[in-house]
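S.K.: Okay, here's what each chain looks like letter by letter:
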Amino acid sequence: MVSSHLERGKVEDPSEDELRLSDAVLAAFCFQSGRGEGEKKGRRLRVNAVYRAFAELRKEYPNWLQDMNFTYGPADTVPVSGALEDIFFALGASGIMSIENPRYAFLKIPGFKLELIRKAITERRNEAEQGELRHLADEFDQLYSKASKKG
Amino acid sequence: MPGATCDFENRIEDFLQELLDGYTPLKIRGDKIIRDAILGHNVFYTHEVNLIDSPLMQRLRRVHQTALAYLTYPAATHTRFEHSLGVVIFAQKMIEAVNSKSRTRVVDDVQACELRLATLLHDCGHGVFSHASEIVYDDWDPTGEIRALRRANPELFGEAAGHEILSYYIVRSKQFRKLWEDVISNYDMSRGKLLCDLSRVNLTRVANMIIGVKASSDYPLWLSKIINGPFDADKLDYMGRDGYFSGLVTPIDTDRLFVSLSIFDPRGDEPFICVDIGGATVLEQILFNKMLLFSSVYNHHKVRGSFRMIASLLQEMRNRQWTVNGIRLKSTVDFLRLDEYGLLNSRQVNKELTSRVQKLRERILVKRALVISPQALKEKDLVSQRKFFELEQQQSEKNAMELELARKAGCDTVFVDFPPRPRVEKIGKQSMVKLSDDTAVPLSKLYPASGWIEGYSQYRRRDYVLAPSGYEDTVANLAFKLFAEKGIKLDKKLCLELARRPRYPGS
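Protein chains in written order, with my numbering: chain H, 1 to 151; chain W, 1001 to 1507.
Bound conformation, chain H alone:
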């Protein structure tokens, strides 16, 4: 018996026009204006500074990042977000990103993987959207540099 329930029980995603949270995260990592195609250098990012930078970025992009909410802990501890944690986990489990042992303080994405991601996002997004993603990535870079000093 083939049921039609799966068709009726369809689960919806945000429409194609909306930016998926994972796209925004990946764009932040690989879409900076200064990072042209062909750049082989990967990214090695401090986990804590990444969380802090996204918490700030969320304030500037409340629409794109509206489902990335943060819990703020005591004494200026690192703000955490379940949605962001899930994306990092999926990136790690799929092999795109690794967490550096043994202190788990750094996220690493090799350059050739960044290039592939950049290409994939570029294919899906028009010029205007790419421009916005570059802007988001530049903002992220600035916030990340600032957050890195906090440790």
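The hints are all genuine.
When the alpha-carbon atoms are kept at most 30 Å apart in a straight line, the in silico DSSO-like pairs for lysine-lysine are as follows: (1) W:Lys1378 <-> H:Lys41; (2) W:Lys1445 <-> H:Lys59; (3) W:Lys1493 <-> W:Lys1302; (4) H:Lys108 <-> W:Lys1486; (5) W:Lys1032 <-> W:Lys1093; (6) W:Lys1481 <-> W:Lys1380; (7) W:Lys1489 <-> H:Lys41.
I should point out that these hints are in silico values taken from the structure, not numbers from a laboratory.
On the provided structure of chain H, position chain W as indicated by the hints.
M.R.: Same frame as chain H, now just chain W:
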């Protein structure tokens, strides 16, 4: 959005009016001692007993804590009801612990009373089959009521789970206030220990505690973190309870935790709850137990199978507006109206629902066709890695795959299941440890335990393609082809080996 919030509040009021219709709190002779299988004998105050006896709390006896996990772990029949009582007990111990560490009592009687109420009521917003209904009205419904509430009030509900938002609105409702006033007026001052002047209890503060935000401007934030924080009474109870009733050993040295608890007051900043260095080991236990519970209980393939079966049934009931026992899932609040026993015993709704309910009742569950571990994606196959990551992010694409696989295999249901993983960063990065030099640091600064768990959980991760019995081989074959068409090449041998089906039909 205010209009939508108002509609939501009205639906909560209607639900409570129906639920509490005709209920009058009985005169109770005094406080009661309730014996819990794990936590032993504990006192509940008269006003709490009135609430425990109300239909609002009694409903939780019919909401299993771990949904249908009892079909895999036979003793896991515990419910949200006893868990709620357990959380009160742990919160009380935490209150006593912090009070005993200070020269003056840091938690006064009204605060203690409100915190106990918040813990008692924290799960009253759980719907039928706990997280199975939550996934339908929240995770799978990006345009639904809960998402809208979260987006409209990110400061309040940003990181709150769907059921916590429902509990919040229940406690703030007019109907609940009426119940509370009845309870207070019923209070026999001559009997039972008076915890505090109950008229001073503020239900808005109780609701705020449930979602882990500051109860009011004059209340410390750490008080709310006792119920909803990095190491809270909720976790202490469910970890022990879910482990105990599923037969998994998940020890947490709670006694050690309580003696190491204190309130840290950084001058000029918000005080917070912390543990001393000896208590840090207990925080590690919480982290490791969370990981164990996910890998051994919550994400066990049979538990996931039954979870997906009930969640897809609820999804379909909502989408097709089937009426079960007079209830239609029109809004989120309707998930609170539906009863687990009523649903599993419903027989004459329609043939399809009857057949699917029968499978759950008789434990005819889906089986593993494929198990996908991270090692099934080749290390240098970047295209597969990216496509696999993208697939995980797109619920609609997984849904389309399920449909295609079921159609091609000629069976009624296939699930492409990416189970949730344990979220541990909050425990690691926001649990504070007090050092001997009178400073405090996050646990992750001492031990990167949450990072280790993150790494281990990634390595240990298992995703599933689940199919009805007899269709596993066909579905496995079709799934490999479909994944390949999507650009995802999997290690077939490993996927089948992990599914305990080493003989691949086409090999």
